[in-house]
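Turn these sequences into a full structure, and let the hints steer you where they fit.
Under the numbering used here, the residue at position 27 of the sequence shown is numbered 27, and the numbers go up by one with no gaps.
Take these hints with a grain of salt, some might be off.
With a Cα cut of at most 20 angstroms, we get these calculated EDC-like pairs of lysine to aspartate or glutamate [unchecked claim]:
(1) 16 with 28
(2) 16 with 54
(3) 36 with 70
Just so you know, these hints were derived from the structure itself, not from any lab.
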Amino acid sequence: MKYTEEVRMVNIEDMKKKRFLFLNRLYELSGGSTTKVFDDPPSQIGKELGFDKDLAWNIVIYLKGEGVIDRIIF
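What follows is the structure, given as structure tokens:
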């Protein structure tokens, strides 16, 4: 494996971990509800986890694309 491939794998694993942490916190805040509506969960959760706003929104968009989050209202 080349160095760039190793770095890419580390970055992928890091993003998976961050997405999991974000999703877990979203689940905690919703109390497990599938209908809970938040005013600004990406910024709130991202801040709690030490993520910048762009990373938090990228995670939300990814989770939406995977069908994990039902909808995003901008």
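Structure-based check of all given hints:
1. 16 with 28: holds (18 angstroms)
2. 16 with 54: holds (16 angstroms)
3. 36 with 70: holds (10 angstroms)
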